[in-house]
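Trainee: Here are the chains, one letter per residue:
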Amino acid sequence: MRLLKTLAITAAVTAMGGSALAQTTVNMINPLPRSTVFYPLVVGEALGYFEEEGVTVNLLPSDTSIPYVAFVQNGQADLSMLDQNETLSAVLAGANINTVYEVMQNAPEGIAVLADGGATDMGGLKGTAVGLVSDRDRAFLQAAMAAEGHSINDVETVILGESGPVLARAITNGDVSAIAGSVFDWAGLQAAGIELNLITPEDLLAAPANTFAMDASKIEEKREAMEGFMRAWSKGIHVSTLRPDVVEKMLREAVPEEWEDEAAGKSLLEGVIPMNISSTERYGDVQTQVWTDIQPRMIEAGAISGKVDVNTFLNDTYIEAANDFDRDEVAAEVEAWAAENM
Amino acid sequence: MAEATASLGPSASGGLYLRTRRWLTHAAIFGTLILAWEIGTRTELLDPLFYPAPSKIITSFWRIYVTQGNIWKHLYVSIGLVLAGFAAGSILGITLGSLVGLNPLVRRFIKPYVIVLEATPRIAVAPLLIAALGFGAQSKIAIIMLVCFFAPFINTLSGVVNVNEEKLELFKSLGASKMQILKKLVLPEAVPVIMAGERLALTAALSGVLVAEFIQRDQGIGALILTYTRNLNMASAFACIFTLTIIGFAIFKGMELMDRYIAFWSHEDGMTRVSQNRNVRWAKQGWAR
Numbered sequence: 000m001r002l003l004k005t006l007a008i009t010a011a012v013t014a015m016g017g018s019a020l021a022q023t024t025v026n027m028i029n030p031l032p033r034s035t036v037f038y039p040l041v042v043g044e045a046l047g048y049f050e051e052e053g054v055t056v057n058l059l060p061s062d063t064s065i066p067y068v069a070f071v072q073n074g075q076a077d078l079s080m081l082d083q084n085e086t087l088s089a090v091l092a093g094a095n096i097n098t099v100y101e102v103m104q105n106a107p108e109g110i111a112v113l114a115d116g117g118a119t120d121m122g123g124l125k126g127t128a129v130g131l132v133s134d135r136d137r138a139f140l141q142a143a144m145a146a147e148g149h150s151i152n153d154v155e156t157v158i159l160g161e162s163g164p165v166l167a168r169a170i171t172n173g174d175v176s177a178i179a180g181s182v183f184d185w186a187g188l189q190a191a192g193i194e195l196n197l198i199t200p201e202d203l204l205a206a207p208a209n210t211f212a213m214d215a216s217k218i219e220e221k222r223e224a225m226e227g228f229m230r231a232w233s234k235g236i237h238v239s240t241l242r243p244d245v246v247e248k249m250l251r252e253a254v255p256e257e258w259e260d261e262a263a264g265k266s267l268l269e270g271v272i273p274m275n276i277s278s279t280e281r282y283g284d285v286q287t288q289v290w291t292d293i294q295p296r297m298i299e300a301g302a303i304s305g306k307v308d309v310n311t312f313l314n315d316t317y318i319e320a321a322n323d324f325d326r327d328e329v330a331a332e333v334e335a336w337a338a339e340n341m
Numbered sequence: 000m001a002e003a004t005a006s007l008g009p010s011a012s013g014g015l016y017l018r019t020r021r022w023l024t025h026a027a028i029f030g031t032l033i034l035a036w037e038i039g040t041r042t043e044l045l046d047p048l049f050y051p052a053p054s055k056i057i058t059s060f061w062r063i064y065v066t067q068g069n070i071w072k073h074l075y076v077s078i079g080l081v082l083a084g085f086a087a088g089s090i091l092g093i094t095l096g097s098l099v100g101l102n103p104l105v106r107r108f109i110k111p112y113v114i115v116l117e118a119t120p121r122i123a124v125a126p127l128l129i130a131a132l133g134f135g136a137q138s139k140i141a142i143i144m145l146v147c148f149f150a151p152f153i154n155t156l157s158g159v160v161n162v163n164e165e166k167l168e169l170f171k172s173l174g175a176s177k178m179q180i181l182k183k184l185v186l187p188e189a190v191p192v193i194m195a196g197e198r199l200a201l202t203a204a205l206s207g208v209l210v211a212e213f214i215q216r217d218q219g220i221g222a223l224i225l226t227y228t229r230n231l232n233m234a235s236a237f238a239c240i241f242t243l244t245i246i247g248f249a250i251f252k253g254m255e256l257m258d259r260y261i262a263f264w265s266h267e268d269g270m271t272r273v274s275q276n277r278n279v280r281w282a283k284q285g286w287a288r
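Heads up: the protein sequence lines correspond to chains A and B, in order. Here the first sequence stands for residues 0 to 341, where the numbers follow numbering that gives the first Met the number 0. Here the second sequence stands for residues 0 to 288, where the numbers follow numbering that gives the first Met the number 0.
Don't take each hint at face value.
[Claimed, not checked] Chain B regions said to be covered by chain A (calculated; three or more residues, Cβ under 8 Å):
1) 123-134
2) 187-194
3) 230-236
Read the hints as simulated data drawn from the structure, not as lab findings. Using N, Cα and C, we set each Cβ at its ideal position, and we do this for glycine too.
With the hints as constraints, model all of the structure from the sequences given.
Mentor: Encoded structure:
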């Protein structure tokens, strides 16, 4: 009888322990595997923030030819990282999605030209070929041309892909006069000694890029996991405001392949930190006014077919919880990690 | 026996000499190419941005395999996927090829679809497969399976259909049953052809895994190559590419070896080996030949 009692208690304790440790998997579709580009994830994992929140992040890094929104809608992904154009186009197409967190509030996208002899403004590209890193960059180029009173039809576009050698060869050989891409694409080129200038119209820089979108009907159902996920992400951002050197060390360990070339790794990290740190008071906050302001020029450029009421898809329901953490505690944890690992 | 050994001696040593000379010639050509590449890069005849010096590639090999060791997890994933996709593609190809080959009715209805499938670019189908099967290994294996299924299918079909007519007539005139024809004539004629298809399928599976990993970039050699090329770290990208070349070569050689054992009757040395083994067995049992 005593043996049975002991076994029953052991089983109960094990079951309770098991449930306490149970982790919810958050499936997130985005363009890259764990990378310096989205360092808050790596930092959050290194400091155990996601685990503390009971969340395991399962990345579904995919080529941009994959329709990300469809995977949110069919339930294969809980979160999707979308840019402004994809978000607005999806909403216009009737997709029931909500933008719940802005990962990068300063667009990493841009138009890069050779520093030596390249165009000085968008008008200088007229009549030339412009390379697109992916199909996603066409809309940005369209908006950039329109911002300075030109049309995308004034240039010829060609998709180059994200391979560094192809981009390098195309721009240095003069096959393309500019590359429409993002800071991640030219960090490698610059580290390899190719000097580039950005001619991106300033109006386009303050635009939300890489936002988290999810199925609107699952906002409540997934609240606990999502709040935990976004809090851990925000803590990851916060760490970079305190100790970028610690972030660098974590990245060196988690993604050594991006740090084999010191210059390229550093250049990339320096480029992406300002992109990842939110410019709003609350990390990841959704900016109603910015989303409203960007639409007329996107319509004018033909990137989207009509205006969208931002209240139909911007949803800050998780933002308060995402920012509900003790900054001092994070600072102490970072110092402790640095003392142990650096 | 002593006589035979004596007579084999000079020719055996002659063979060894020839083999050594052939290997040395290969090594010299290879060495010259590598040296030319190294000099070309150092003198900037070749742009080091795109063609890193072989010495840098060797350093990268050392780093990704030894000091950093980050390639291993990707390598395991990719090889696992290649083998799984190859197995699935082979089973499907051989089964379907046999069914289509042995049954004219099935052939009439299935073959056109298979040919249409072969004409469809796999890379275009890949996103649909991911949508249908979900992210992860299952959809990657399906992509690889599709890439490598056609060679076993067409070779099995060809092997089964193109049986030597005269031999078939002979079997029939001797009253052989369908099963006897299948076992004693069709399979022996088809297996070497099927094995050739398997060789092609396994090397195609390597391309298939790259397609799958270029689209789903979570892990694997394909994902690693993308990371390296995006960062213009061409030495490490080349190290990954050469890793695939070496694996491809090893796979091809491995399949050749397997072919010699499975379809031994289609190789002279295989027949000799089996005859010798039989002689030894028979000699042990006291049967004179």
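Trainee: Against this structure, judge whether each hint is valid.
Mentor: Structure-based check of each hint:
1. Residues of the segment 123-134 of chain B lying with their CB closer than 8 Å to a CB of chain A number 5, which satisfies the three-residue condition for coverage.
2. Proximity of the segment 187-194 of chain B to chain A, defined as three or more residues with a beta carbon under 8 Å from a beta carbon of that chain, is not established by the 0 residues found.
3. Proximity of the segment 230-236 of chain B to chain A, defined as three or more residues with a beta carbon under 8 Å from a beta carbon of that chain, is established by the 5 residues found.
Of the numbered hints given earlier, the model fails hint 2 alone.
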